[in-house]
Amino acid sequence: MPINYYIFLSIALFCIGVAGVLTRRNAIIIFMCIELMLNAVNLLLVAFSKMHHAAMAATNPNAGIDGQIFVFFIMVVAAAEVSVGLAIIAMMYRNTHSVDVNFLNRLKH
Amino acid sequence: MSTTHFLFWFLSVLAIFSAIMVVVSKNPVHSVLWLIIVFVTISGHYILMNAQFLFIVNLIVYAGAIMVLFLYVIMLMDLNADSEPQKNKWLKIAGVIGGGALLLVLVAALKDADMKNQLAQTGTGDIGLIHNLGMSLFNDYVVPFEISSVLFLSAMVGAVVIGKK
Amino acid sequence: MSKIVYLVPLFPLIGFLLNGLLRRSLSKSLTGIIGCGVLLVSFIISVVIFMDVRKEGFEPVIVNLFDFIHTGKLNIPFAFQIDQLSVLFMLIITGVGFLIHVYSTSYMHEESSQHFARYFSYLNLFVFSMLLLVMGANFVIMFIGWEGVGLCSYLLIGYWFKNLDYGNAAKKAFVMNRIGDLGFLIGIFWIISQFGSVNFLEVFAQSPNAPTSALTGITLLLFVGATGKSAQIPLYTWLPDAMAGPTPVSALIHAATMVTAGIYMIARSNIMYTLSPVTQTVVAVIGLATAILAATIAIKQNDIKKVLAYSTVSQLGYMFLGLGVGAYTGAVFHVMTHAFFKALLFLGAGSVIHAMHGEQDIRKMGGLKKHLPTTHLTFLLACFAIAGIPPFSGFFSKDEILSAAYAKSPAYYIIGVAGAMMTAFYMFRLYATTFLGSFRGTEEQKHHLHESPPAITIPLIILAILSVVGGLVGIPHVIMPNAHRLEEYLSPVFAASTSAHTPPEIAAGTEWMLMAASAGLALIMVIFAWNKFSKKPELGEPQGFGAVLANKWYVDELYDAIIVRPVNVVAKFFNTVVEKSIIDWIVNGVGKLIQYGSRQIRLLQSGQVGGYVLLMVISLVVLFVVQLFLRK
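Residue numbers (my numbering), protein chains in the order written: chain B, 1 to 109; chain S, 1 to 165; chain Z, 1 to 632.
Take the hints with a grain of salt, since some may be wrong.
So the derived label-pair ranges between C-beta atoms look like this [stated by the list, open to error]: (1) Z/Q605 with S/I97: 19 to 25 Å; (2) Z/M616 with S/F145: 46 to 52 Å; (3) B/I88 with Z/Q605: 20 to 26 Å; (4) Z/V626 with S/Y72: 22 to 28 Å; (5) S/L153 with Z/L628: 39 to 45 Å.
Source of the hints: derived by calculation from the structure; they are not laboratory data. Think of the CB as a built atom: it goes at the ideal place given N, C-alpha and C, for glycine as much as any other residue.
Start from the sequences, fold in the hints, and give me the full structure.
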């Protein structure tokens, strides 16, 4: 599978995630779009790791494994981030009874 | 068209369609469900590339734990379609254009990349196997592994502290 | 001798500083002692220097104090030049100045001690500046003194500053001086450009080699400066208005010293003027015209000081006539004698005004002869001197100028004699109206009439003696050969001029005739005026043509219409249009622009997360574009 396909697929998913972040006002939906972006990146990393493996398998049997390990750690971080982020959103809801990010401008005062 | 190709195209189209539905849905619960489908398709891509470990982890962690968490919070706040505040129409268009511009730029930048002949190996490859991944993780990357456990610990503590009344 | 030269201007400077800085703590007598004392010391030192200078074959001595300006090829040292001419002026300035200072201690005694000290500090500063002027060894030092005396003139004319009219008179004097100074300054620049130096010795040595056009230009510009300072046409109108100052000030500045600065300057630069016949003609004509014009105005003036002021302008005109026809010695001689009798006239007028408690209108005086005997006698002697009656001093000096004028052109002589006749006429009109006849003032004034105290009368007597015998240093050759001591004394200064252009000789017989004619005509006018005005003084307002004369030929009004008003219009235009609309608009506009800009930029900080993220994405896109596509 030519790597270009994976690259374009990943870019498409990523940009859809960006558009989602810019377009929606609900904090939770924005969070989900961030997860979408992370996943797009993960996909691309795995694709590159396979590409490297294909190119260098002769010399080094473990070539390209770094990509997948990196994806593993990204998932770790994403999990932690989601837990803390949702806790914050729950707190925000408790205070303002809404999850509209525009209300965050109250932080200004 | 071989099976691999067909599967690839099918999974890609499904992924993109679901992603768009995530962004467009009014009801947050629907967005969550579409997102789960995205995750499943991406996991499908992983299997296609023989990254078995990541396939399993993706499904369990992302589609399983994280999405459940999202659903839980949505239910907690009792959100439904008509309580969603609407953004200013112009800002929405601006957002879409922004995202689209990014898409265009990246695509244009990488279009001529001389990589057409590089292949992502599908179907085979040892490196996706749990055994090999585990060996590399615990030999070369043991320090980040341990530190990530500290990260989890701090995230847990933080979540509890923030959530306390 | 060069070691004591710098002391001469130093003492008046010290007097200025002491009286000026300590004016609130000094008593009046102490102020007077400091003020007059420093002058006396300067006079004594000048006499000592004079003793050295008058020896045969004395070469000019340059005393360098320090390097004043030194740029590239131009070197202007702060130096004094001591030669016969400068020492003569130093003696006049310090000597007559000292007498006037003594006079002032009594005349100004009604002022409070703080203002009394202010007066004396200004006077000392004036003497210092005037000494710089005459002692300077180059045009720049002379110019420093020139400006300094202009400043002191302003300060002293406007001494009673609470009166707005006096302040305006002071401003007028200063501004007209300034106009002349501009000409002087441009002349100096031209000198630097032409000769590469401003030192007198160097410039005058190189003058014969300079092109006539340059010399004519330079001398004309310097003469413009002289018209401002020495009150010639067209810059003379400030001098009659300057009578607003105290009378001793008028005596010192506007009779004896400051106004003679122009004469000094031209006498000093005599070689340049001799080599520019065009300028000489201009100088002579303007001098003569001024002499006649001022004399006509003086005939109809009724303020005692105004008559003397116009008389000063007129006599200055004679001095310039002398310079214009090449009689440099004659002009300097007339400066000297004029200093004596004009100072005497002013001081006498001050004595009269003092006795009349501030009254200056001569129509309200009369018969003062018996009340003020000393003043009367000295005033009379001065009148004889100014009228040119032999053997008083004025006769010798004026006659020398007139005969030199005749040698140049008989027309000069005839007009000059007409002016001399008018001088005799108006002076004796003044004398007769003031001192003869019966008293026309109020009873109250008559009670207060008394002779002035000695501090006033003694300077009067000294000056009277000088006015009588002062002419004897300049006896013309036809009367007694080799008796013209002044000419011998000044000959080294004017040697270059005399050799470049020997003045034409007049036959002895012709000269006797000229002398007799001028003296005789003057005497006739004296007797005529004496008789006319002692019996029937002019009491009413002037009528007809007399009104024109009394109104100074309406010259002031003319200047106002032609110059003052247009300048005011232009200034107003600049103020409202250029200043307020344009420049203010620009400056305020910058401020407003910044305020507007910051208001707009502040809106970026909205606190909306979505906005921030949008900006981030857009910036990212832009950066990508720039990085990947625009930088090939």
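Q. Is the distance from the Cβ of B/I88 to the Cβ of Z/Q605 consistent with 20 to 26 Å?
A. holds, 22 Å
Q: Hint says 39 to 45 Å; check whether the CB-CB distance for S/L153 and Z/L628 agrees.
A: Cβ of S/L153 to Cβ of Z/L628: about 41 Å, so the range 39 to 45 Å holds.
Q.
Taking 22 to 28 Å as the stated bounds, is the beta-carbon spacing between Z/V626 and S/Y72 within them?
A. violated, 44 Å
Q: Can you let me know if the beta-carbon spacing of Z/Q605 and S/I97 is within 19 to 25 Å?
A: Because 23 Å falls inside the window, the suggested range holds.
Q. Given a hinted range of 46 to 52 Å, is it respected by the beta-carbon distance of Z/M616 and S/F145?
A. Because 32 Å falls outside the window, the suggested range is violated.
Comparing the model with each numbered hint stated earlier shows that hints 2, 4 do not hold.
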